[in-house]
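Which chain is which? The protein sequence lines are Z and Y, in order. Under this note's numbering, the first residue of the first sequence carries the number 344, and numbering increases by one thereafter. Under this note's numbering, the first residue of the second sequence carries the number -14, and numbering increases by one thereafter.
In case anyone wonders, no lab produced these hints; they're calculated from the structure. Please read these numbers as outputs of a predicted model, since none were measured by experiment. Beta carbons are placed, not taken as given, at the ideal position from N, Cα and C, and that holds for glycine. Hints should not be assumed to be uniformly reliable.
As the list claims (entries may be wrong) - Listed next, the in silico EDC-like pairs over lysine to aspartate or glutamate satisfying Cα-Cα at most 16 Å (straight line):
# : chain 1 : residue 1 : chain 2 : residue 2
1 : Y       : Lys75     : Y       : Glu57
2 : Y       : Lys58     : Y       : Glu12
3 : Z       : Lys584    : Y       : Glu57
4 : Z       : Lys577    : Y       : Glu16
5 : Z       : Lys611    : Y       : Glu48
6 : Z       : Lys605    : Y       : Asp36
7 : Z       : Lys361    : Z       : Asp466
8 : Z       : Lys577    : Y       : Asp55
What the hints assert, rightly or not - Output of the computed footprint for chain Z on chain Y, the stretches with three or more beta carbons under 8 Å from beta carbons of chain Z:
#  : segment
9  : 22 to 31
10 : 55 to 66
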Amino acid sequence: MRTAEKFPERPALGAQSKTLTYRELRELACRIAATVQARPEYSPTPLTAVFAYRTPTAFAGVLGSLLAGNGYVPLNRSFPLDRTRTMLERSDCHSIVVDLESLPQLQAILSGFQRPLLVVIPDLEDPGGLQEQWPMHRFVGARDLAPPQAWREPAIRDNSIAYLLFTSGSTGVPKGVVVAQRNVISFVDYMVERYQITEKDRLSQMFDMTFDLSAFDMFVAWERGAFLCCPSQKTLINPGKYIRGMQLTLWFSVPSTIAFMKQLGILKRNQYPSLRVSLFCGEPLPVSSAGAWLEAAPHSILENLYGPTELTISCTLYRWDPARSPGEAELGIVPIGYPYPGMRVLVADHNLNEVRPGDVGELLMNGPQMSLGYWQDPEKTAAAFVIPPGKTETYYRTGDRVRRPVGDAPLTHLGRIDFQVKILGHRVELGEIEAIVRNASGMDGVVAVGWPVTPSGYGGVEVFLEGPPADSDRLRKAVAAQLPEYMVPRRFHFLEQLPRNVNGKFDRKAMLQRLVKGL
Amino acid sequence: MNPMSPEGLRTFLRTYLSEKLASRGREIPQEFGDDCDLLLSGIIDSLGLLDLIMAFQEHCGCEIDFDALDPEKMTVVGPLCDFVSAQIAKG
């Protein structure tokens, strides 16, 4: 808000070929916020869902929720309907901001939805037809949005929520991570200083809002009056022209994008001279990718960021140095570096005792960016947010394997300790896929494995089932109705008996071996 | 028919996608034509597009520079095939 007053006529957001100034974005956000505030009966839970994709409404919806004193819950229309419905139900949201493009999906969700909702549709002048069709819910279109001056600044408490973000959960139900405003403020304060963001900067917005790295783009840009540039869904795939056309100064994406752009032949020498900061996060960054990127963006620094959603966007970073870094990398992967100010690192064995310098263990962290835990799930929160022996403070167990640094060496990331895998930067619990396949197939012996192996994780998922061959197509259809595309198994393998190890547990390695051999 | 002509590439694309879809238990949709958007119609996702680009490059035996192609048209059958064919002709 302060930024909007300081730079009212500077561009705040470019999306859908439209540019909104800070004044325009603020006004739309205030109108949405005031509309939500005018009906407090729809905020028994301090959350508002935002069902919108890469449109001005999506961004104004996020700001409007926050200005109303509510955290935002991003929903994504590229997810299956059932998953979105589950997120909306589980979040206990009573208000939702929707863009025109997501409206058809919302209507499909509303049939059978039990809770009355306040549905704000800033792109639709008159939602009268919808109101008639769904009398249980309250629809507000552009015509009836509250005036911006009706907005009242909400009281911010210590644990006021910034956003509730659902990640893949091992029991077949997505888990909601609750991130507080103070977590995000701590993060943004450090980032804007470190990268010296000013109103002259132009930041990329590559991440979907259901991916928490999008919060970096929005809040880092808007804290300093910079221009947030949101490409269309298709431009994401071939962003070369967009980077040059918009003269982006800060780039932030998953490392897979580098490999992607290399394949498209759009990572040539000095192709992106406007970039001064390039950041990568979300999956391991291969050394070769870092080198290729810097050749195309020679005036840019490059940093590798690391952080689970539970620790707010990112919490360690590593500055790439062409001379020193290849020697510090492990397994060809760029180190994740050093914790942000105030964030503490503990590398522990399975009993949560600290390992010796140089040894490998699980990464635990705490500090001002440690989130509030899982939404309405004290059991899962207690399992992941723990007080290790000999400590007095709570730490978050990341589930990531790292080497405890010797001296002032950087942290290096060595993979996951459990069955979470990364598919194109998406964190996927294989257990969730197994649970859904188990349910859909009626078979008990179900094992999901990441396959094929790629430099930064896996290209997809394949599933082994114990039992007589069944109709793969039908099974895939049933599973696809409940999972995002990247989690839908590419193939099903039916075996009379699944390989097991000496402890009687399913032997994932043996199943991987079958895939390696092409069985 | 010259396999590198726009028509030849359309045939290649159709065969390639039919096989891909068949391995996932699906068929190529009725509306598959020059205006068909592979991404929006759900025929491929962004990972699938990368596979497709690699298949194109293998088929043509050369690297294709996609910088000149309008991203909005990149996933549309007609413009994609015409672009790749023109790139090959340029060498």
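Results for each hint:
no.: 1; hint: Y:Lys75 <-> Y:Glu57; verdict: violated (22 Å)
no.: 2; hint: Y:Lys58 <-> Y:Glu12; verdict: violated (23 Å)
no.: 3; hint: Z:Lys584 <-> Y:Glu57; verdict: holds (11 Å)
no.: 4; hint: Z:Lys577 <-> Y:Glu16; verdict: violated (20 Å)
no.: 5; hint: Z:Lys611 <-> Y:Glu48; verdict: holds (13 Å)
no.: 6; hint: Z:Lys605 <-> Y:Asp36; verdict: holds (13 Å)
no.: 7; hint: Z:Lys361 <-> Z:Asp466; verdict: holds (14 Å)
no.: 8; hint: Z:Lys577 <-> Y:Asp55; verdict: holds (10 Å)
no.: 9; hint: 22 to 31; verdict: holds (count 3)
no.: 10; hint: 55 to 66; verdict: holds (count 5)
The structure fails to meet hints 1, 2, 4 from the earlier list, while all remaining hints are met.
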